[in-house]
Amino acid sequence: MAFVFKRLALYLIALVVSLILNFLLPRMMPGDPVGTMFARFRGRLSPEAMDALQQSLGFTGESLLDQFWSYLSALSSGDLGLSVAHFPTPVTEVISAGLWWTLWLAGISVLISFTLGTALGIFIAWRRGGVLDQTLPPLFALLGAFPYFWLAMLLLWVFGFQLGWFPLRHAYGDDLEPGWTWLFISDMFRHAALPALSIVLATLGGWMLSMRNTMISVLGEDYITLAQAKGLSSRQVMLRYAARNAILPNLTGFGMAIGFVVSGSLLTEIVFSYPGQGYLLVQAVRAQDYPLMQGLFLTITLSVLFANWLLDILYAVLDPRTRRST
Amino acid sequence: MNKSKSALLTVSELSVGYLDEKECSTAVDNVSFDIHSGELFALVGESGCGKSTLIGALLRTLRPPGVIIGGRAIFGEVDLLTAEEERLSQLRWSELSLVPQSAMNALNPVLSVYQQFRDVLRANESSMSASTMGEQRLITTVTEALELVELSADVLNLYPHQLSGGMRQRVAIALALILKPDLIIMDEPTTALDVIVQADIMNMVIRLKDLFGFSILLITHDLPLVLSLADRVGVMRDGQLLTIATPVQLLTQDLPPYIAQLIEVSKAPMRSNDSEPSISPEEEGRLLTLSARGLVKEYRQGGLWRKKRKRILNGVNLDLYRGETLALVGASGSGKSTLARLLTLMEAPTSGTLSLGQVPLNAHRVSLSFRAKVQMVFQDPFGALNPVHNIAYHLQRPLKLHHQLSDLELRRRALELLESVGLSPAGDFIDRHPHALSGGQRQRVCIARALASEPEVLIADEPTSMLDVSLREELLTLLRGLIKDRNLSLLLITHDLITAQALADRVMILKEGMVIETGSVSQVFSAPQHPYTQQLIEATPRPPDPVHLSTSSSANTSII
Numbered sequence: 001m002a003f004v005f006k007r008l009a010l011y012l013i014a015l016v017v018s019l020i021l022n023f024l025l026p027r028m029m030p031g032d033p034v035g036t037m038f039a040r041f042r043g044r045l046s047p048e049a050m051d052a053l054q055q056s057l058g059f060t061g062e063s064l065l066d067q068f069w070s071y072l073s074a075l076s077s078g079d080l081g082l083s084v085a086h087f088p089t090p091v092t093e094v095i096s097a098g099l100w101w102t103l104w105l106a107g108i109s110v111l112i113s114f115t116l117g118t119a120l121g122i123f124i125a126w127r128r129g130g131v132l133d134q135t136l137p138p139l140f141a142l143l144g145a146f147p148y149f150w151l152a153m154l155l156l157w158v159f160g161f162q163l164g165w166f167p168l169r170h171a172y173g174d175d176l177e178p179g180w181t182w183l184f185i186s187d188m189f190r191h192a193a194l195p196a197l198s199i200v201l202a203t204l205g206g207w208m209l210s211m212r213n214t215m216i217s218v219l220g221e222d223y224i225t226l227a228q229a230k231g232l233s234s235r236q237v238m239l240r241y242a243a244r245n246a247i248l249p250n251l252t253g254f255g256m257a258i259g260f261v262v263s264g265s266l267l268t269e270i271v272f273s274y275p276g277q278g279y280l281l282v283q284a285v286r287a288q289d290y291p292l293m294q295g296l297f298l299t300i301t302l303s304v305l306f307a308n309w310l311l312d313i314l315y316a317v318l319d320p321r322t323r324r325s326t
Numbered sequence: 001m002n003k004s005k006s007a008l009l010t011v012s013e014l015s016v017g018y019l020d021e022k023e024c025s026t027a028v029d030n031v032s033f034d035i036h037s038g039e040l041f042a043l044v045g046e047s048g049c050g051k052s053t054l055i056g057a058l059l060r061t062l063r064p065p066g067v068i069i070g071g072r073a074i075f076g077e078v079d080l081l082t083a084e085e086e087r088l089s090q091l092r093w094s095e096l097s098l099v100p101q102s103a104m105n106a107l108n109p110v111l112s113v114y115q116q117f118r119d120v121l122r123a124n125e126s127s128m129s130a131s132t133m134g135e136q137r138l139i140t141t142v143t144e145a146l147e148l149v150e151l152s153a154d155v156l157n158l159y160p161h162q163l164s165g166g167m168r169q170r171v172a173i174a175l176a177l178i179l180k181p182d183l184i185i186m187d188e189p190t191t192a193l194d195v196i197v198q199a200d201i202m203n204m205v206i207r208l209k210d211l212f213g214f215s216i217l218l219i220t221h222d223l224p225l226v227l228s229l230a231d232r233v234g235v236m237r238d239g240q241l242l243t244i245a246t247p248v249q250l251l252t253q254d255l256p257p258y259i260a261q262l263i264e265v266s267k268a269p270m271r272s273n274d275s276e277p278s279i280s281p282e283e284e285g286r287l288l289t290l291s292a293r294g295l296v297k298e299y300r301q302g303g304l305w306r307k308k309r310k311r312i313l314n315g316v317n318l319d320l321y322r323g324e325t326l327a328l329v330g331a332s333g334s335g336k337s338t339l340a341r342l343l344t345l346m347e348a349p350t351s352g353t354l355s356l357g358q359v360p361l362n363a364h365r366v367s368l369s370f371r372a373k374v375q376m377v378f379q380d381p382f383g384a385l386n387p388v389h390n391i392a393y394h395l396q397r398p399l400k401l402h403h404q405l406s407d408l409e410l411r412r413r414a415l416e417l418l419e420s421v422g423l424s425p426a427g428d429f430i431d432r433h434p435h436a437l438s439g440g441q442r443q444r445v446c447i448a449r450a451l452a453s454e455p456e457v458l459i460a461d462e463p464t465s466m467l468d469v470s471l472r473e474e475l476l477t478l479l480r481g482l483i484k485d486r487n488l489s490l491l492l493i494t495h496d497l498i499t500a501q502a503l504a505d506r507v508m509i510l511k512e513g514m515v516i517e518t519g520s521v522s523q524v525f526s527a528p529q530h531p532y533t534q535q536l537i538e539a540t541p542r543p544p545d546p547v548h549l550s551t552s553s554s555a556n557t558s559i560i
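In order, the protein sequences belong to chains A and B.
Read left to right, the first sequence gives residues 1 to 326 (my numbering).
Read left to right, the second sequence gives residues 1 to 560 (my numbering).
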């Protein structure tokens, strides 16, 4: 238990650093982006909106430290300011609408990619030199070489446009009312299928190859020979003795991949006009919506930190050697 | 358990090979032997002789590209080489178990000791009388097995990384014993362990063998160990079984030169000056070269906030005189290599002083002349030579640095150096790259390189431990000659008392960073003062005196 809290302390430090960066970045940008933004909106926004914008960005003429303090206190009450593009909707509201779609899309695609890739890696390493071992790695290496969005466009064109099997855009049909109905949930799956598939195809090979390679080196260890000589079943040797050890480096990669997926799914979301974080981010950049951008960066950082913390705990459960140290 | 006196395992004409792209190289060639019940049969051979491949074939754990080419291995009524997987899994562990090579990797690092035992018991439940054991009975069974190897029940819930090397090896042995098999294969069971731990464990194994009556197939490269323990010994070389004999036969009979040589090397060599009254170097009035006073070295460990200091050396004094060989003996982790790093000024001591001749030394400002005078020979000849350069480069580099010589002169000196370490004709070797040399030849190149700057002091860190036994004697003879011819001082770092005894004038015993005993070789070996030294000498395996072995009536006692 002490281990969990120790790790938590480390992550809190990381969190503080990311908060400071998030606060400082717009203030460090050259050419006073805020001024140009105000100039652009002058006349188009009502004076109250301009005032709110200035307030929300914290440009109130106070000292930097005071600004930071008010930024923090606003943050602690869940106030990220008002979005400019969606004025006067609060940033938190805009983000939370997109967040769930990203979590849903990136979540299932990363999970599928990781589990399937790892399982395939275990299997082809166990049957080293077999037909699958000879064919799958080059195939997925090829697929992984394409950028996410290119695969996404290809899939969209073939399965969405030409064959018409899947919808072309959005997270659910325009004519549906969101709710926990069978119709809506099945529609969610239909809409997520193509974007998720493009992410899975692009990333699965990496998981498979790294799992296969570690697995092969673990299979050379003495305890594997011993496990076989002990008369354990092949299944037990493969999973409990070999894969259990070989999966540890892959888990580290999983934690880091979460960050990449959130940003990587950005282009996928654009191709499929999927209303997630990535889509919002692009809108925010186009509209120079700084409060929204700041909020999005913060949620991405937070989600990566949180996922890594969870993985650290999982790691400690799986690998007794990490429990004592640090 | 009680089988007839006939052979328990009969291996006949076993051949195992490794498939290459086109051909099949033979690793085990037509090997036949048998093991009787209750017998300790040892297979001895140097690295690469096919011992481990043989085990892989017998246990059928050989991995591709290894293939069994032919032969039979009858165990009970089953041929291990052709038996169905199902029949094999019934035999595995309940009748035939394994203690694998290195204690460090024998246990699954992510499972607790108890879980590893439970896996075995659960997997072999069908072959045991009790249908399904309750958890409580499992724990009792495992605790009993651990008691046999002198471990308490506390280790049940520990993970492998929390155990010492010796404890892990005990766990591995307990694991091999748990189903009371008829035959236990032990593959170099004590190689990674210190001599004292090794002696404890081997004695325990023999005691358990006598208690339960199982047979042991012991695979090792350690001939002295085998000669004192085994019932019969098979000597392997290049995949072939050269001979099978009892230890007494091996020690007394005329044998093929290779085996005779192996046995000769493993005996403590007789030295001409053993009988001389030992004079301490100070009395002889020799010159002091390298000397150290109160050396302390600490390393910092731990994370960002809490730092722990770990003391590796704890006040070491050392004096090396001109022309003498001083052996520094200690178990792994005693601080030998750290001391070598301090003496060569590669690291600065936490406290203490060093001097060469009368000149005080400072590890932060090392002069070129110090580097010329103190040279080092490393343990691993495979890692000590950069593989991208040829031998000429390796030898000319120090020559260029320390002596201003013309290109022609450089090559001449390099050739001379090669000749002086017995690589003759030197012209054949000088343009080769390290990968084209054998381990022994590489170590000779390393010695030649160390001699290039014409040093006064040579520090050799386990120079022979990576080499096969048959090469060790040659290399030690070479070192002995060089020391004499060049009036060198040698600090020989070793864990091997036999090597120390063969080469050194004086011995220093290091334990946990402290020198616990110093003296001339004859003093320390004939009358060790410190209990640890006594233990160390006792634990070192030596071939027993054949007279003593065959006739116990003889009063001929061998004093080491």
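Take these hints with a grain of salt, some might be off.
[To be verified] A short list of chain B residues far from chain A (calculated; beta carbon distances all over 10 Å):
id: 1; residue: Leu91
id: 2; residue: Val120
id: 3; residue: Asn203
id: 4; residue: Pro360
id: 5; residue: Leu368
[Stated by the list, open to error] In silico DSSO-like links for lysine-lysine, alpha-carbon gap of 30 Å or less:
id: 6; chain 1: B; residue 1: Lys308; chain 2: B; residue 2: Lys400
id: 7; chain 1: B; residue 1: Lys308; chain 2: A; residue 2: Lys6
id: 8; chain 1: B; residue 1: Lys373; chain 2: B; residue 2: Lys209
id: 9; chain 1: A; residue 1: Lys6; chain 2: B; residue 2: Lys484
id: 10; chain 1: B; residue 1: Lys209; chain 2: B; residue 2: Lys180
id: 11; chain 1: B; residue 1: Lys511; chain 2: B; residue 2: Lys310
It should be emphasised that the hints constitute simulated quantities derived from the structure, not laboratory data.
None of the values given here were measured: they were computed from a predicted structure.
Virtual Cβ for every residue (Gly too), placed ideally from N, Cα, C.
Comparing the hints with the structure gives:
For B/Leu91, the non-interface assignment is contradicted: its Cβ lies about 8 Å from the closest Cβ of chain A, within the 10 Å cut-off. Not every CB of chain A lies more than 10 Å from the CB of B/Val120, the least distance being 5 Å, so the non-interface label is violated. With a closest Cβ-Cβ approach of about 23 Å to chain A, B/Asn203 is found to remain outside the 10 Å limit, as its non-interface label requires. Chain A leaves B/Pro360 outside its interface by the beta-carbon criterion, the shortest separation being 40 Å against a cut-off of 10 Å.
The beta carbon of B/Leu368 sits about 42 Å from the closest Cβ of chain A, which is more than 10 Å, so the claim that it is off the interface holds. Distance check on the hinted pair: B/Lys308 and B/Lys400 sit about 44 Å apart at the alpha-carbon level, beyond 30 Å; violated. At roughly 18 Å between alpha-carbon atoms, B/Lys308 and A/Lys6 fall within 30 Å of each other, so this suggested pair holds. The hinted pair formed by B/Lys373 and B/Lys209 fails the criterion: a straight-line CA distance of about 54 Å is larger than 30 Å.
Annotation: proposed proximity of A/Lys6 to B/Lys484 is violated, straight-line Cα distance about 60 Å (limit 30 Å). Distance restraint check for B/Lys209 and B/Lys180: the Cα-Cα separation of roughly 11 Å lies within the 30 Å cut-off, and the hinted pair is therefore satisfied. Our distance criterion of 30 Å between C-alpha atoms is met by B/Lys511 and B/Lys310, whose separation comes to about 15 Å.
Of the numbered hints stated above, those contradicted by the structure are hints 1, 2, 6, 8 and 9, listed in ascending order.
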